[in-house]
Amino acid sequence: NAGVTQTPKFRVLKTGQSMTLLCAQDMNHEYMYWYRQDPGMGLRLIHYSVGEGTTAKGEVPDGYNVSRLKKQNFLLGLESAAPSQTSVYFCASSYASWQADGNTIYFGEGSWLTVV
Amino acid sequence: ILNVEQSPQSLHVQEGDSTNFTCSFPSSNFYALHWYRWETAKSPEALFVMTLNGDEKKKGRISATLNTKEGYSYLYIKGSQPEDSATYLCASNSGGSNYKLTFGKGTLLTVNP
Chain A
-10 NAGVTQTPKF
0 RVLKTGQSMT
10 LLCAQDMNHE
20 YMYWYRQDPG
30 MGLRLIHYSV
40 GEGTTAKGEV
50 PDGYNVSRLK
60 KQNFLLGLES
70 AAPSQTSVYF
80 CASSYASWQA
90 DGNTIYFGEG
100 SWLTVV
Chain B
8 ILNVEQSPQS
18 LHVQEGDSTN
28 FTCSFPSSNF
38 YALHWYRWET
48 AKSPEALFVM
58 TLNGDEKKKG
68 RISATLNTKE
78 GYSYLYIKGS
88 QPEDSATYLC
98 ASNSGGSNYK
108 LTFGKGTLLT
118 VNP
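Which chain is which? The protein sequence lines are A and B, in order.
The first sequence lines up with residues -10 to 105 when you count with my numbering.
The second sequence lines up with residues 8 to 120 when you count with my numbering.
The hints are simulated quantities; they were obtained by calculation from the structure and are not laboratory data.
Quick caveat: nothing in here was measured; it's all calculated off a predicted structure.
There are no misleading hints in this set.
Partial pick of chain B residues on the chain A-facing surface, computed with a CB cut under 7 Å:
#1 39
#2 50
#3 51
#4 53
#5 56
#6 110
#7 111
#8 112
No residue lacks a Cβ here, since even glycine has one placed at the ideal position from N, Cα and C.
This is chain B alone, in the form it adopts within the complex (with noise of 0.2 Å):
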C-alpha cells in the first residue's frame, strides 16, 4: 500500500488569495497522480490525471504540477472564491493501473468572502 500524503489538512484564506497545497508519494513505480475536488455532498470529480515528471496542468484558475522524481505534486487556486470551497484529494498508483490508486487523505479548503 502506498503512502500518499496531502498538507496542509485544512485550510482559510479570504476570497481572492491565490493559495496552494502539496501531495506527496513514493516515486518508485509510479504511474499516475490524480487530483479531485469533493464538495459536501457530491461526488468528487476529477481535476487533472498526470503521468509525467514535469507535467502541468491548468483549469480555469486551478492548475498542478507533478515531480515524479522526488515524488510529489503541488495543485495552485489563483484568486480563489467561495465556490472553490471544497476538499481536495490526491491519489497515486504503482504497478500501472487504477485498481492500485491509493487516496491521501485531502486538503479541506475554505474560501471566505
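Chain A with its partners taken away, still in its complex shape (with noise of 0.2 Å):
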C-alpha cells in the first residue's frame, strides 16, 4: 500500500544546480500539489496540478517548474537551486474535491533539500 512516494528523500546541492524531485501516487488521484516547510512556518503550496497534463502556480511558485505528464507522477524541477531552496519539500494528491473522500489530502514523507 504505497500511496504517495517521494524520490529522494534526502539531497544535497551546490548553488546553481539542478534537480527534480519525483512524486508518484498509486491512489488514482485527481489532484496533486508540492509544498514546501520551513521552520517557523506553515507548509506553503509550490504548484499544483488538477489533472495530467495541467499545472497551475500555488502560494511560493518562483524557482520552481512542475510537469504531470501522466496521472500519477508530478515532479518538481528546480533548475538553478538556490540556498533560500533549502527546505523540506513535501508532495501530496487528493480526489477532486466533488468526491467522495475528496477533501482528504495523502502526503508522501518528505524529500529534505539542502542548498550550499
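The task is to assemble the complex, starting from two chains supplied on their own in separate frames and drawing on the hints.
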C-alpha cells in the first residue's frame, strides 16, 4: 500500500545545480501538490495540478517548475538551485473535491533538500 | 491568501492530561477545515475534514469541533499519551477546492510520561 512516494528523500546540491524531485501516487487521484516546509512557517503550496497535463502556480512558485505528463506522477524541478530553496518538500495528492473522500489530502514522507 | 492561526504554538502536558488547541480562520467563503497529525520524519496524517458549521468528529481519544460562523475549530485530546506527541496542523480553504488550502503553523504537543 504505497500511497504517495517521493524520491529522493535526501539531497545536497551546490548553488546553481539543477535537480528534479519525483512524486508518484497509486490512488488514482486527480489532484497533486508540491509544498515546502520551513522552520516557523506552515506548509506553503509551490505548484499544483488538477489533472494530467495541467499545472498551476501556488503561493511560492518562483524558482520551481513542474510537470504532470502522467496522472500518477508529479515532478518538481529546480533549474538553478539557491540556498533559499533549502527546505523540506512534501508532495501530496487528493481526489477532486466533489468526489467521495475528496477533501482528504494524502502526503508523502518528504524530501530534505540542502543547497550549499 | 487566507490567514490561518493556531494556538498555542507549543504545549507540554503530563500523561493522562486532557488538552485542546485552537485553529482560527476567516469565515468568509469557507469550504472545509482539515486537521492533520504530523510526527517528526513522517508524513502528515489526516485526522479530520469538516465542512459543516457545528460539525463534531471523533477518532478514539481525539475529537474536533467546527464553528464556521465565527471562524474557529478546536481539537481535543482526552487522556494524552506519549504517543500523541506530534505537531497538529490545521488548514482551511476558500473558493471550494483543495488547491487553495492554507495551513497554519501548527501546535507542537509534547506529552511527558
